[in-house]
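**Student:** Here is how the chains run, residue by residue.
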Amino acid sequence: MGFLDIKQATKSYGTVQVLHETDISIEEGEFLVLVGPSGCGKSTLLNMIAGLEDITSGEIAIRSKSMNGVKPADRNIAMVFQSYALYPNMTVSGNISFGMEMHGIEKSERAKRIAQVSDLLQISHLLDRKPGQLSGGQRQRVAMGRALVREPDVFLFDEPLSNLDAKLRVDMRTEIKKLHRKLGTTIVYVTHDQIEALTLSTRIAVMFGGYVQQLGTPKEIYDNPANMFVAGFMGSPSMNLFPAKVVSENGQPAAEVTLINGSTAAIPFATDTLGSSIGRDIILGIRPEAITDRDGADRNSQSVHIVEAPVEITEPAGSDTFVVSQIGGKDVTGRFRADVAVNAGETFPFAFNMEKAVAFDPQSENRIA
Amino acid sequence: MAAAPAKSSFSLGRVVLYTLLVFFCIYYLLPLYVMLVNSLKPLSEITAGGMMALPQDWTVAPWLSAWSSAQVGVEATGLRPYFLNSIIMVVPAVALSTIVGALNGYVLTKWTFPGATILFGLLLFGCFIPFQMVLIPMARMLGLMGLAGSVPGLIFVHFVYGIGFSTLYFRNYYAAFPTELVRAAQIDGAGFFRIFWRILLPSSGPIAVVCIIWQFTNIWNDFLFGASFSDFDSQPMTVALNNLVQSSTGVKEYNVHFAGAIMAALPTLLVYIVAGRYFVRGLMAGSVKG
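Chains as they are written, first to last, in the working numbering: chain A, 1 to 369; chain B, 1 to 290.
Source of the hints: derived by calculation from the structure; they are not laboratory data.
Positions of the beta carbon are idealized from the N, C-alpha and C atoms, including for glycine.
Check the hints yourself; a few may be wrong.
Here are some, though not all, of the chain B residues that point toward chain A, as calculated from beta-carbon distances under 7 Å [what the hints assert, rightly or not]:
id	residue
1	G73
2	A76
3	T77
4	R80
5	L84
6	E180
7	L181
8	A184
9	Q186
10	P206
11	D233
12	L266
Here are the computed distance ranges between Cβ atoms for each label pair [as the list claims (entries may be wrong)]:
id	chain 1	residue 1	chain 2	residue 2	range
13	B	P206	A	H103	28 to 34 Å
14	A	N68	B	L84	55 to 61 Å
15	A	S38	B	L17	27 to 33 Å
16	B	T112	A	D165	51 to 57 Å
17	A	D165	B	P202	26 to 32 Å
18	A	G184	B	L119	46 to 52 Å
19	A	S64	B	L201	47 to 53 Å
20	A	D165	B	W111	41 to 47 Å
21	B	L119	A	T202	46 to 52 Å
22	A	N68	B	G143	37 to 43 Å
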């Protein structure tokens, strides 16, 4: 039993099932991120935890107490909305104290807690203003203050950063992480931004089509994606996925790939897992940082293999240069050091770190190695 | 851009345009002018002709007469008691229909239930039923309720008739009100009425003003219901004004009639002038997004 338990929870609107049986259990102090493209069911699940949407079947429990049929106000949760949802007619301090007022907390205690929270979030000087007089970042802080002041069991964040500009978003991201470290609160956070998911979470649930595709730590999700959807969704640029065939090379299983000039290359796998699947068609997955120039390859890896391939295009990004070639008809991006002299049109040695490679079944799209 | 309008304001087109506008302005204000000047002159000046002329002998006697001593129906009470009747009728009717309309709008947008759309459709339909159709059923209803021929009966009629429009106004306004605010308040622990009172109503200024102006004008100016459902002691201003004009003995006191007509029109004018100031947009700024 965890701190927050979601047990076989489902959600249907009429005959349309938007959330299929979902089991997630998190411990106190965890930072769970629900990530996925729009319409994947992540916000629905959050609203179910909040009690804003009914559960069709299954159960959600906080502190081992079933929350089915419990009103949002009685769940001891707080929520930060994408639009901030600040009450326009109240001042900042009015906004922060409204929830405490509704829960019958005394005025002196309210004032004390408002002072604490506004101090923590550095919004003390804004307390008498109306939301209309605040900038986006300030509204965001007020919305967090309103949640924090309630001292709830679980914090729910619904895409809280997506209305901020890029720079502010990164700053607030760090701030949320600091806050989590400092307060040790339990957080469920919904986002469609995979970078936010990777940077903030202690655990991630990747969702798609109403199913949790994979639940795991950021490292597990990134290094060992359960299927091609997770592999493609998490990471930027996303993981290279291209067709290959398992062949035997010197008694070792290897991935045979077709380059853009029609020639084939066999890249030996780092492990023996696919040794019994010789001749099988697979989708090979390998992240851009595992395809580098020769000198940039991971020196600790036992399985770096060079493939000479024509360079189609280069994309200098300051710290790195992304080099694009084609394998099996798919664009494959490698992350080269910025000072490597590589030009579009020439053939260049790409170093594949096969320790980081994963393989998927082309039909089921599930991970096989 | 600064120089362009200055130049064009002297063009022929502008001159024609403004001449036309001024002409229409005078044309529409003329009746008010006639009413005003004739209500301030003795009857002899009117009967001598010269409706358009300014009074030679300024007097407020017609106003005083219309207010407190003119013959209305069988009694010489002036319009005062009927003016009070109208006030007693219009204030609760406007208040009730606006509040219920706001509640309806709140429920129809933020607490929807199966059949909400149909219910709203029926309410809308209620807006467009001609008054004449409901006269007899309504008379029967008022009789059963024991409210026939009384001011509370008129309040009831106008309240019920007003709900359709006030619901329409508030529903459409609240449809654009961010639902996330309601959800945030739910999580904060506010209940149905608390959310309405503390979150929605404070942001409803503009639409409340629209609704009040509309209801006040309609209910104050109503003649048909007033004539159908009231007794002599519960008649509203509009019906009394008619009686004043109809029941003159012997000479028609036009100056008194003019004064009475202006009195009957003043409250709606006042509502426009006072409430119009609060007719501002942008009260929602800053609740959501940036």
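**Student:** Now tell me, hint by hint, if it's right for this structure.
**Tutor:** Going through the hints against the structure:
1. Checking G73 (chain B) against chain A by beta carbon gives a least distance of about 49 Å; that is not within 7 Å, so the hint is violated.
2. Using the Cβ-Cβ criterion of 7 Å, the hint placing A76 (chain B) at the interface with chain A is not satisfied: the shortest such distance is roughly 52 Å.
3. About 46 Å separates the beta-carbon of T77 (chain B) from the nearest beta-carbon of chain A, more than 7 Å, and the hint is not met.
4. For R80 (chain B), the shortest C-beta to C-beta distance to chain A is roughly 41 Å, which exceeds 7 Å, and the interface hint is violated.
5. Contact between L84 (chain B) and chain A, as hinted, is not supported at the beta carbon level, the nearest pair being about 36 Å apart and thus beyond 7 Å.
6. For the restraint placing E180 (chain B) at the interface with chain A, the shortest Cβ-Cβ distance is roughly 4 Å, inside the 7 Å limit, so the hint holds.
7. Hint status for L181 (chain B) relative to chain A: holds, with the closest Cβ pair at about 5 Å, below 7 Å.
8. Evaluation of the A184 (chain B) hint against chain A yields a held restraint, the C-beta minimum of about 4 Å falling below 7 Å.
9. For Q186 (chain B), the interface hint holds, since its Cβ comes within 7 Å of a Cβ in chain A; the closest pair sits about 5 Å apart.
10. The criterion of a C-beta within 7 Å of any C-beta in chain A is not met by P206 (chain B), whose closest approach is roughly 13 Å, and the hint is violated.
11. Because the smallest distance between the Cβ of D233 (chain B) and any Cβ of chain A comes to about 44 Å, over 7 Å, the interface hint for this residue is violated.
12. Interface restraint check for L266 (chain B): the shortest CB-CB distance to chain A comes to about 33 Å, outside 7 Å, so the restraint is violated.
13. A hinted range of 28 to 34 Å for the beta carbons of P206 (chain B) and H103 (chain A) is consistent with their spacing of about 32 Å.
14. As the Cβ distance of N68 (chain A) to L84 (chain B) is approximately 58 Å, the hint placing it in 55 to 61 Å holds.
15. At about 52 Å, the CB distance of S38 (chain A) to L17 (chain B) disagrees with the hint of 27 to 33 Å.
16. Judged by the Cβ atoms, the range 51 to 57 Å given for T112 (chain B) and D165 (chain A) is violated: they are separated by roughly 35 Å.
17. In this structure the hint that D165 (chain A) and P202 (chain B) lie 26 to 32 Å apart at CB holds, the actual value being about 30 Å.
18. A C-beta distance of roughly 49 Å is found between G184 (chain A) and L119 (chain B), which places it inside the suggested range of 46 to 52 Å.
19. The hint said 47 to 53 Å for the Cβ distance between S64 (chain A) and L201 (chain B), and at roughly 40 Å that hint is violated.
20. At about 35 Å, the CB distance of D165 (chain A) to W111 (chain B) disagrees with the hint of 41 to 47 Å.
21. Between L119 (chain B) and T202 (chain A), the C-beta spacing of about 48 Å keeps the proposed range 46 to 52 Å intact.
22. Remark: the range hint 37 to 43 Å for N68 (chain A) to G143 (chain B) is contradicted by a beta-carbon distance near 52 Å.
In summary, the structure is inconsistent with hints 1, 2, 3, 4, 5, 10, 11, 12, 15, 16, 19, 20 and 22 from the numbered list given earlier, while agreeing with the others.
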